[in-house]
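Student: Take the two lone chains, each set in its own frame, and fit them into one complex as the hints suggest.
Chains as they are written, first to last, in our numbering: chain L, 27 to 173; chain F, 15 to 457.
The hints are simulated quantities; they were obtained by calculation from the structure and are not laboratory data.
Please note that the accuracy of each hint is not assured.
Derived list of chain F stretches under chain L, where covered just means 3 residues or more per stretch with a C-beta under 8 Å from a C-beta of chain L [to be verified]:
(1) 350 to 357
(2) 439 to 450
With beta-carbon atoms standing in for the labels, derived distance ranges [stated by the list, open to error]:
(3) Gly215/F <-> Asp105/L: 48 to 54 Å
(4) Ser100/F <-> Pro114/L: 45 to 51 Å
(5) Thr175/F <-> Pro114/L: 31 to 37 Å
(6) Trp125/L <-> Ser100/F: 39 to 45 Å
(7) Glu139/L <-> Ser100/F: 23 to 29 Å
(8) Pro455/F <-> Gly128/L: 33 to 39 Å
All C-beta atoms in this analysis are idealised placements derived from N, C-alpha and C, irrespective of residue type, glycine included.
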Amino acid sequence: MMKSGLPALQTAARRMLLATTRTNAVAASIHGLFWDRPLPLHAGGTGGGCRPLSTNSGNDPSKRSASTSTSMASSSDFDTNFDFVKIPSLPLLGSMIPWHSGIPPQDLTKLRENTLKIKQKFGHFYSMGVPGLGAGSHGTNNNSPKN
Amino acid sequence: MKIIRHEGKYPSGLLESLWPMHKALQAIDAAIVRGEKRAFFGRGEEWKRIRNFLQTDLLSPAAANGYLPGVIRAAELASKGAPACSANLNDYLHRCAFDMFTAVMFGELLEVADPNTPTDPVNLQFVTHATNFVATDAKSLFSPSDAIWNLVFQRQTEKITSMVESANVTFAITRTKIQAFQAAMEAGTLTELQQQSYLAGAMKRFQEQVEASTSSKEDKPIDEELLVNICWAMLTASVDTTSGVMAWALVHAALNPDMQDKLRQELQANMTEGGSLSPDIFTKRANVPYLNAFLRESHRVTPSVTMSMTKEVNQDIEIHGVTIPANNKFGFDQYSLQMEPALLEGDPHAFNPERWFPGAVETRKGTPSEIIDHPFFKDPFSQGARKCPGSRVAMNEVFCFLSQLILDYDIRCPSYASYTEIPYTMEGVLTPVLPPLEFTPRK
Chain L
27 MMKSGLPALQ
37 TAARRMLLAT
47 TRTNAVAASI
57 HGLFWDRPLP
67 LHAGGTGGGC
77 RPLSTNSGND
87 PSKRSASTST
97 SMASSSDFDT
107 NFDFVKIPSL
117 PLLGSMIPWH
127 SGIPPQDLTK
137 LRENTLKIKQ
147 KFGHFYSMGV
157 PGLGAGSHGT
167 NNNSPKN
Chain F
15 MKIIRHEGKY
25 PSGLLESLWP
35 MHKALQAIDA
45 AIVRGEKRAF
55 FGRGEEWKRI
65 RNFLQTDLLS
75 PAAANGYLPG
85 VIRAAELASK
95 GAPACSANLN
105 DYLHRCAFDM
115 FTAVMFGELL
125 EVADPNTPTD
135 PVNLQFVTHA
145 TNFVATDAKS
155 LFSPSDAIWN
165 LVFQRQTEKI
175 TSMVESANVT
185 FAITRTKIQA
195 FQAAMEAGTL
205 TELQQQSYLA
215 GAMKRFQEQV
225 EASTSSKEDK
235 PIDEELLVNI
245 CWAMLTASVD
255 TTSGVMAWAL
265 VHAALNPDMQ
275 DKLRQELQAN
285 MTEGGSLSPD
295 IFTKRANVPY
305 LNAFLRESHR
315 VTPSVTMSMT
325 KEVNQDIEIH
335 GVTIPANNKF
345 GFDQYSLQME
355 PALLEGDPHA
365 FNPERWFPGA
375 VETRKGTPSE
385 IIDHPFFKDP
395 FSQGARKCPG
405 SRVAMNEVFC
415 FLSQLILDYD
425 IRCPSYASYT
435 EIPYTMEGVL
445 TPVLPPLEFT
455 PRK
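With the rest of the complex left out, here is chain F (with noise of 0.2 Å):
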């Protein structure tokens, strides 16, 4: 907190680090990072600019809450792809947060997920390119020599040439699908779901910001390049980010088969009467206690990034009496604190959801274990000025998703008994490399 406090007027956040990214960026040109102080990768006015137009109908809990009916949608299409997709669910979820996500950025659903419709080749290519691009920044940025070759010596090395080539890849695609909604919105032919969209609230937008600047720097509006390098920085982050956290709830559930059966119970009593989720169930958490407690417990034992926040001071700042001077980079670990025997009832390692029911959290109040319900902890989205914009659209992905896949099936995992038996590895977060599931029809 203190920390945050300290950032000045222009926080820092993850983004400025990651330099993978940037240096890819960079070398096609992007508008996303071009101009004063590395644009959106930066932290001056450019990223304020960015930001706040990006942000706007995104972050907040009406506008998040406000695509849920698509998402839903969405989520009950995909989920009918799992049992054809058993043997390579790491894949299938790429696609099933893609198809959560264009849902809300167009108000579309692509069904690319499921194998058994027909699929646009063009969207497989966007998430096999999105998910090589956010993945290997990840492995680039923990590879030392990466960092050498490319900032000491400036020698672009194999990892960001694939880089380059996904972007160029990704980015083409996209402006093609704004293309084609640009167009839809101007015939008048958008569905009810599209004109709910992100994109269309966007547009709006951004006519306006044309229609009211005047010549001078402070109120100059979003272009047209720029609209589509934010859709394309959105819909390329929210692929391997998003699956990796759904994942790692899906192993949970299963292994845990009585755990599913009391998702089952609290979804099952929230129904609609058409039989579908209800959006109204996801807006507020409490709806679903149970559900909420489980998610909360997989972030804790497999969180999709053990440093959920990096952050620079701009002042000299005193920590347990220590001055760390300006200009210093602190990062947050939040696993190890939420792994700490002297902090937790029995096994840390255990996956006990119910350590997450209010009584539980009520007993840690005025004891040293009541720091693991600190809001820093709950979720891996980091926390002030640079929260992930899309972390509430992205929870909500993962709430509908996992409730349709435990409505729909009985989930089991023959070949692991632990959570910790199983293998993980850096994609572009924290992913567990998932073994066959069974998927056993309810319906």
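With the rest of the complex left out, here is chain L (with noise of 0.2 Å):
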């Protein structure tokens, strides 16, 4: 189980300070929250061994064309770029800082809303920090037809 208290704050803290990657620190930082579960050395544990995420090319949002348009579309619009995006992630906070991560700020009054936007600007399919939830390292959406 997770420590109570300052040795657990001290847990957190020493694991913000070894992530030393991007993908380091995203483990980290859902580790860091998460029950019991002992931390694998390619979640970017404290003894180095990372092994990140390997990934094609391609992780530009700003090259997505989703379209948010309601008219009528051809199905071959449809865009089958599976392309792998992380989105920015911190120790402890996840995606969850908006100026820091890109996604829309967290409103269960807009989850809907906020989710069409998450995909039309990373694609479909992408990893987020999504603190408590996240298992492992990232939290990572799936939409793929063929998967």
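Tutor: Okay, structure coming up:
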């Protein structure tokens, strides 16, 4: 189990300091918040040993062409680019800081609209840090027709 | 599909992620989270044992449909209260969901929804606290500060304290109800509906397990406390979730009088001689194609959750050329693709049940648009071995309740022209803040 009080704070702070890459940082943030799961090496544990997620090219969200038009469109217009995008994430806070991550501010009265905005900006296949919800490392959203 | 196939012997599910619920139940030492690997909130042998017991007589189509007579009767009674509750429909729908599920669980018609009939205040108390428990769980999940305080610093926040109080109240009520049921069962005074209830079957299975068990760990029977916990979990989960789905369906019906007429015609062609809904029409969705398409469209444009599945893989997995290491968690965005302009005819925000008619589905075959017809998109209950065990019962409740309302009333929404204008928020699920609706009796 997580240690309570000061030791827990120290453990979390140590993980934050040891998070040297963005992948590590996300992994550390999620692990710092999770229950009693041992920290695997590939998820950015304190022992180094990081095995970052391998990605193919095309991580630039600005190149996406998601349409917001409500007019009739042909299914041939469907964006079949499934490049993986890592939404920026911070230790402990995950991707919940909008100016850092680029996702809309958390708002329970706009979840549907925000889900569309995230997909429009980051595409079909992305990872994001969600404190308390992510396991292992990233809270990864996979929305693949094939998989 | 690939992710679900990589889940391993003990699949992951949403319940594991509900840390506020786990925290609150741990605080009261509930049997359902006690023991090896967080029991029902984990994924070890204990999860499997509880899940197997719970889903028997519930998940299969035959089991779920067996409860339809009770659900229909409860819906008939609940519908009578709609006009008197038009100013506070959200609370009314919580009570309707409770009435229908207690008909399943206990075989009792409690009539909590209709304010014109006497109601045991204990039942109202249960509805209030069950709603608070599930809604506060959802709100905590979306609160990074609550996650940090509770999980990192191990400091119980106000939200968790409120959940603990609600859990204590609802557990006490559930225990009392089960004891009363058990006493009636032993005295041989159960009604026919009670004898057909989930609890009657569960108690028989419980007794059989106790008699058949040996001292070995493998066939350890469910104990009485765990049985109370299982019933509590189902009752609590049944209130705020089903009512959210019903609320959206009601919104779309009220905003589309022409569709109400079509639904009514379809239902009236399938009534019993006594003028009631027949269980037979709900056993096959093809019997009520327009109602089926209507609810499918309601789920597309106003889903009760946008992320319907969370799964964790137990080995490295390659997705679209990317290797994701084991122990990563996946979410399935069920909403965005169903609102994708390039995949839909016309305005994706337009409410149009005809998208789901067989001809329209056939037209999409072989095109990128056919993705929206994949079974993973059709409902909010997740997939695989961790699919919501009450999913079929819940959908039967929604079908029956909406049908009954439409048979009983002309429903109108005078204050809004489109569902997109109606505010919503996260309760147990995404739920509209229902405006006052007009219910004009048809009989």
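Student: Can you list which hints this structure breaks, lowest number first?
Tutor: 8
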